[in-house]
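Number of protein chains: 2
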Amino acid sequence: MDMPQPDPAIIARKAQIVARLQAVLPADAVIHEPHEVRAYECDALTAYRCPPLAAVLPRTTAEVSAVLRVCFEEGVPVVPRGSGTSLAGGALPTADCVILGVARMNGVIETDYANRFIRVQSGRTNLSVTGAVESDGFFYAPDPSSQLACAIAGNIAMNSGGAHCLKYGVTTNNLLGVTLVQMDGTVLDIGGAHMDAPGLDLLGVICGSEGQLGVVTEATLRILPKPEGARPVLIAFDANEVAGACVSDIIKAGVLPVAIEFMDRPCIRACEAFAKAGYPDCEALLIVEVEGSPAEIDEQLALIKAIALRHNPVEFREAADEDQAKRIWLGRKSAFGAMGQINDYMCLDGTIPVTALPFVLRRIGELSKEYGLDVANVFHAGDGNMHPLILFDANKPGDLELCEAMGADILRLCVEVGGCLTGEHGVGIEKRDLMAVQFAADDMEAQLRVKDVFDPAWLLNPAKVFPLGVTAGRRAA
Amino acid sequence: MDMPQPDPAIIARKAQIVARLQAVLPADAVIHEPHEVRAYECDALTAYRCPPLAAVLPRTTAEVSAVLRVCFEEGVPVVPRGSGTSLAGGALPTADCVILGVARMNGVIETDYANRFIRVQSGRTNLSVTGAVESDGFFYAPDPSSQLACAIAGNIAMNSGGAHCLKYGVTTNNLLGVTLVQMDGTVLDIGGAHMDAPGLDLLGVICGSEGQLGVVTEATLRILPKPEGARPVLIAFDANEVAGACVSDIIKAGVLPVAIEFMDRPCIRACEAFAKAGYPDCEALLIVEVEGSPAEIDEQLALIKAIALRHNPVEFREAADEDQAKRIWLGRKSAFGAMGQINDYMCLDGTIPVTALPFVLRRIGELSKEYGLDVANVFHAGDGNMHPLILFDANKPGDLELCEAMGADILRLCVEVGGCLTGEHGVGIEKRDLMAVQFAADDMEAQLRVKDVFDPAWLLNPAKVFPLGVTAGRRAA
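Going line by line, the protein sequences match chains A and B.
FYI, the numbering for the first sequence is 1 to 477, going by full-length UniProt numbering.
FYI, the numbering for the second sequence is 1 to 477, going by full-length UniProt numbering.
A portion of the hints provided could be inaccurate.
The list makes no distinction among identical chains, and a pair is therefore deemed to hold if it is satisfied within one copy or across any two copies.
Stated by the list, open to error - Simulated pairs of lysine-lysine, BS3-like, Cα-Cα distance not exceeding 30 angstroms:
#1 Lys305 to Lys167
#2 Lys167 to Lys14
#3 Lys14 to Lys333
#4 Lys276 to Lys252
#5 Lys326 to Lys14
#6 Lys226 to Lys14
#7 Lys167 to Lys252
#8 Lys396 to Lys167
#9 Lys276 to Lys326
#10 Lys252 to Lys396
Treat the hints as calculated values from the structure; they're not laboratory data.
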């Protein structure tokens with residue numbers, strides 16, 4: 001490959017931007033050497049890479065405001081970044097952008113148990129929010145699989161969920177307020193540690209906005225008292241459809257488990273080979289967890305067992321103690337690592353009505369045959385948030401494209417049955433062209449106009465969320 | 001009083017608008033005779049009245065769209081109206097406006113128990129949503145006091161709560177999607193019967209937007225399985241502060257009652273005189289309700305009792321049966337009617353952190369002495385949503401103004417302790433000038449710009465939510 005010749009005008013422009021950023025930040029907070037910025041060239045959607053012009057790592061809201069003001073004045077696109085764990089390319093740079101990473105903003109600002117909230121800087125990792133309050137018997141509910149690494153900023157950007165969101169809701173249900181810095185550097189204080197808000201409630205539209213409206217620097221989060229206990233059961237079936245019907249019946253019956261996780265045979269096999277959790281050899285497997293006092297747990301599990309038995313499971317395994325409970329979760333929790341060992345894969349994230357599960361699983365099986373690509377299903381079945389993993393060979397020419405085409409077909413299927421394109425991973429670059437499948441032109445236009453208001457020059461997290469064709473006329477020159 | 005002379009230009013303009021509305025609606029759906037439009041001159045904030053130019057009662061989304069297009073083209077302000085139960089003047093007309101009432105749009109469009117949602121036209125009353133599903137064991141959770149009359153459209157506009165929102169959340173937590181008609185007649189389909197939404201989530205900002213962004217014609221609502229049972233206890237104290245501290249301790253302990261209602265002595269006395277519920281003669285009274293299976297109820301009530309006893313209550317009364325449970329609720333449920341029997345009152349609606357309850361109650365007592373106006377407190381204490389009722393004499397010159405000044409002081413106090421201006425009644429005209437107490441100029445500006453996007457000519461529900469001074473330059477001429 002020919003090396004591109006450096007363009008003197010681009011070099012001068014970059015030098016000017018870096019100098020202005022260095023003028024408002026400590027020296028160690030501006031990263032601009034080519035070998036250094038490469039660390040920010042991609043997020044967890046590693047098929048796409050592009051080193052940014054520079055990256056900054058501010059420590060305070062005031063520093064974030066200063067950075068954005070500089071970029072606003074210079075017309076430089078800004079890509080906000082939490083921990084870079086996005087599976088949808090939500091933090092993918094463009095070559096002319098500044099990456100604004102919040103990783104150094106990880107402090108706890110205030111903890112208030114009586115009013116049940118914690119206020120943190122947005123770069124704090126999800127798990128360390130719970131870490132800050134668990135010794136006092138509290139926890140922060142949303143628990144994405146990446147919770148050890150992912151930042152609250154990213155959770156808010158993508159409205160992240162997790163295995164336990166069936167009971168506790170996703171980020172938007174646990175977010176009380178944010179400090180948001182707009183592209184021009186203005187600092188907004190939205191929501192707070194109180195119920196409701198007068199006037200227009202901007203918090204809802206900021207949560208899940210994928211860095212399109214501003215940079216969240218601080219967040220007030222609801223914390224909950226830890227339940228007395230929790231217990232999982234494992235239910236094995238000889239057909240996906242039967243497992244799907246069982247999920248649907250559990251939900252219909254009005255029991256509210258904290259989690260209903262689903263794995264199909266390809267996924268069970270891979271996990272078993274990797275984690276040796278002792279899973280049965282079966283077509284489909286559910287892990288259902290309930291929580292509460294021992295009496296509440298017994299009561300709920302009895303009801304779940306009765307429902308499950310009506311579907312003739314191959315096995316119904318209760319966890320008799322903590323160790324058995326851990327083994328039930330072990331395979332599920334290592335699913336993504338296990339799949340990565342045996343194959344390249346693309347992880348989808350569609351949401352469907354729970355009753356459509358059997359139909360959608362059958363159609364995915366048919367699509368798998370049509371495209372000649374295997375699919376492993378592992379997902380949060382209780383709330384219909386599917387994560388089909390399409391297996392492909394990155395070294396085989398055309399396989400990635402085939403995989404992307406099949407992924408798009410599966411997401412179209414989700415929309416057709418009354419669901420939507422994303423549950424918790426966001427649109428990013430991955431699904432931007434599918435937005436037109438979900439939204440009529442007027443519906444999308446309403447969103448674009450809200451984006452116009454917050455970021456008139458379209459400098460924030462460019463080329464994401466919306467189809468490029470739709471936004472071409474709106475973007476900064 | 002001199003009768004104003006009819007202005008021929010105004011008469012001609014009215015005739016033109018009415019004719020255009022009649023051209024797009026059935027004859028019985030356009031109300032314009034002066035004696036007829038008077039029915040729409042106020043909502044439940046009856047101190048303010050103004051007959052509208054006309055009122056329309058469409059039956060479908062298409063008719064709503066047609067009405068809005070006519071008004072958009074004519075530059076006529078539109079005031080959307082549910083059942084007219086707003087306590088904040090949210091549906092107060094202006095003389096030049098068309099009232100768009102959704103009362104005839106009260107059908108059920110779809111019920112889906114497996115996926116736990118119901119889709120209704122927005123004019124359906126809150127209670128009749130539950131009515132449509134309760135024989136199948138389900139209910140719709142938000143339960144404002146006016147639930148017999150108030151419409152889902154108004155619940156969405158004000159993000160209404162109710163006694164049981166401590167456990168189930170307010171409207172925004174139970175709303176899955178809406179059909180929204182914009183001022184220019186465009187119909188948007190926002191959210192739906194699935195978790196999460198790709199792109200910008202506009203549902204959050206529409207919920208609670210008080211008719212500023214569009215007219216909601218249909219709503220998809222979450223329905224929940226009815227709990228096995230529920231049981232209230234009544235706890236009486238000899239001081240407000242002690243009752244407040246008890247509430248704070250219950251919340252801190254991590255029990256989650258469905259309701260914690262608070263009444264102080266003036267309210268208890270009025271209710272007792274009116275409803276004869278057999279309430280004890282005390283300074284403050286809590287009604288705490290828990291729900292679940294009999295075992296769960298016993299377990300939760302034992303914990304609540306232990307906490308209450310540490311605060312030396314005058315009485316701790318458990319409901320032994322359904323009849324006693326009804327009597328415990330009887331006084332609370334008749335509170336607003338009871339107060340209305342003995343006095344004119346203004347009902348406030350501030351929200352505060354639960355731990356600030358004792359302090360805020362003491363300060364309200366001090367303000368009551370300073371202003372020489374009695375205050376009765378009855379409110380949803382569990383989530384800090386206060387409803388102080390300021391008693392005044394509507395026939396005494398200056399008393400309403402004094403009452404309004406005191407109300408503003410109490411709401412400022414709520415904001416000072418970290419709370420907010422409204423819990424569930426909205427801003428309306430009542431609190432528009434206090435918005436500047438809650439929001440810095442930049443924060444308010446962000447809201448105004450979102451309003452600009454949805455309603456550029458500022459024709460929707462004019463003169464509400466935002467301070468008139470702030471919005472003067474933005475309104476339609």
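These are the hints, each one checked on the structure:
1. Lys305 to Lys167: both (19 angstroms within a copy, 27 angstroms between copies)
2. Lys167 to Lys14: neither (48 angstroms within a copy, 53 angstroms between copies)
3. Lys14 to Lys333: neither (43 angstroms within a copy, 67 angstroms between copies)
4. Lys276 to Lys252: neither (33 angstroms within a copy, 41 angstroms between copies)
5. Lys326 to Lys14: neither (51 angstroms within a copy, 73 angstroms between copies)
6. Lys226 to Lys14: neither (50 angstroms within a copy, 62 angstroms between copies)
7. Lys167 to Lys252: Cα proximity of Lys167 and Lys252: in one copy and across copies (14 angstroms, 20 angstroms).
8. Lys396 to Lys167: Neither. Shortest intra-copy (42 angstroms) and inter-copy (53 angstroms) distances fail the 30 angstroms Cα cut-off.
9. Lys276 to Lys326: within (12 angstroms within a copy, 56 angstroms between copies)
10. Lys252 to Lys396: neither (44 angstroms within a copy, 58 angstroms between copies)
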